[in-house]
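K.L.:
Residue numbers (the numbering used here), protein chains in the order written: chain A, 1 to 300; chain B, 1 to 300.
The set of hints was computed from the structure by calculation and includes no laboratory data. Be aware that one or more of the hints could be misleading.
As the list claims (entries may be wrong) - Computed, partial: chain A to chain B, Cβ under 8 Å:
1) A124
2) P139
3) L143
Claimed, not checked - Covered, in the sense of this in silico footprint (three residues per stretch, anywhere, with C-beta under 8 Å from a C-beta of chain A), are these stretches of chain B:
4) 34–48
5) 106–114
6) 276–288
What the hints assert, rightly or not - Not close to chain A: a few residues of chain B, all C-beta gaps over 12 Å, as computed:
7) T5
8) S6
9) S24
10) H88
11) A121
12) Q123
Please read all numbers here as calculations on a predicted model, not as lab measurements. Glycine included, every Cβ here is placed at the ideal spot set by N, Cα and C.
There are 2 protein chains.
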Amino acid sequence: MPTRTSEFQGWARAHQARVEEALSRLLPAAEASPQRLHQAMRYAVLGGGKRVRPLLAFAAGELAGANAATVEVPAACVELIHAYSLVHDDLPCMDDDVLRRGKPTCHVEYDEATALLAGDALQALAFQHLAGLRVAARPEAQLEMLRLLAQAAGSHGMAGGQAIDLSAVGRALTLPELEFMHIHKTGALIRAAVLLGARAGDGLSDPETGALDHFAKCVGLAFQVVDDVLDAEASTATLGKTAGKDAVQNKPTYVSLMGAAGARSFAEELRAGAHAALEPFGERALRLRQLADFIVLRQF
Amino acid sequence: MPTRTSEFQGWARAHQARVEEALSRLLPAAEASPQRLHQAMRYAVLGGGKRVRPLLAFAAGELAGANAATVEVPAACVELIHAYSLVHDDLPCMDDDVLRRGKPTCHVEYDEATALLAGDALQALAFQHLAGLRVAARPEAQLEMLRLLAQAAGSHGMAGGQAIDLSAVGRALTLPELEFMHIHKTGALIRAAVLLGARAGDGLSDPETGALDHFAKCVGLAFQVVDDVLDAEASTATLGKTAGKDAVQNKPTYVSLMGAAGARSFAEELRAGAHAALEPFGERALRLRQLADFIVLRQF
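Pulled out of the complex, with its shape left as it was, chain A reads as follows:
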């Protein structure tokens, strides 16, 4: 009999493969005109990444009684938004990075203008599929999913978080300011992944949705805290992206404000908070619980 851990790994691998297949199908063909743009879009999305957001969507969908076939499109659309944000984030006028997921970044492999347009087109593609394919039982629920994802991507979510991040470089931030930034920059999209997965089902009460939302907030913040620890401690080879960047750029991080041990212990607190939020769901929340563990205990 497999252990719980290896059983979770099997689930994760199967669902990573499922979203990879969905992404490949939803992206424009590499041979379709304009080819260079479409190749850059596929390059930026396929063959890399832990797919944490899609996994959260699948797990929340399981909890809400949706099957994986229904969740895969919203899961893929959240990942398209995440992938576009990485392409733009890596551009010279932003973080100016050359390595992502172990490969040259999109503007290095192609060129800046193509990377800019690939990001723009990936964002549009996410909304196109989320609107054009059947992803919920009722069209009203689908509109709500579109609204949630757009809000999470926009100036009160991810793009806003990146703007706060930019303005923070070289400045001394307080812990509450750092948290405010990350709730936007990474937290909003992680929250959208969980809520879209849950909406693909149809069986959650308002208090249940609220509990899930609290879980998503804990996990989103934990994800960032662990990212900061790994950036400070791991190597570029392990991460597949440039390590030690935060310190070089003098960026405020949980490690710079709390120390590595303090940050690790804060991540543990958030993991406990995430588990507590899931208590009302019992065994239905198994996958979400395992994902919270995976996010906090990962080494890459």
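The hints should help you fit chain B onto chain A, whose structure is shown.
P.N.:
Just chain B, lined up with the frame of chain A:
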């Protein structure tokens, strides 16, 4: 009694004011955090432009029996997409332009990273409002509007057209290649404006929608042909953007391929095609007819 022309001008001014008010309301407040990002978004959208796309949406809405209050959100959302595309198009890695609508471009007034994020957030904002506000009688129609707008913005529409444009600089294009580029770069969003306006009503048959689509294609291409003529002939002061750029950048245009007289006469042909497409609608299409005239006969 006012002449038809001055009566049209009154209608256009009233609806330009209406969409301006809607845009101001739909954009995040300048004081809301992150302020610099929100200020850049407002700067890029408000107080300029002919608002051709919203006017087309209002006129198509009138034809389809929708009132202006229903059309104003889709009209504004199309304009948000247009405005974001101008911000990204003006960036140094794209057209590298410093003047737009008589003002410094967004990255000159703010900075490149802020302009990039402002464009990203404007795109998300368009889908957020189109999904979150009631813009059609049935939610299915609203989903179709979202799909249409996203497709028009993406790699098979506007972003794709810009990619083709980039790859064409300094190359000799044939007329069909030039047309293919413009059908994507400007045509797709103009078509979306007309179709979204019509969808806000609910009374068009499939053949009527087809006729409207043909009108939109003619008008979209005419818009670009006239743009080329104006770029070659008008001054920077009149245009509010840098004139003569196409020749300097050795870009293929209708003027470089057909000469100014040939391009003017092609624009006239397209205007006639647009009028012909509207014939089945009789007087209901008055505004669309007037807009086709305005687009071809404009001097700026």
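K.L.:
Going through the numbered hints above, which ones does this structure break? Give me the numbers in ascending order.
P.N.:
The structure conflicts with hints 6, 10, 11, 12, although it agrees with all the remaining ones.
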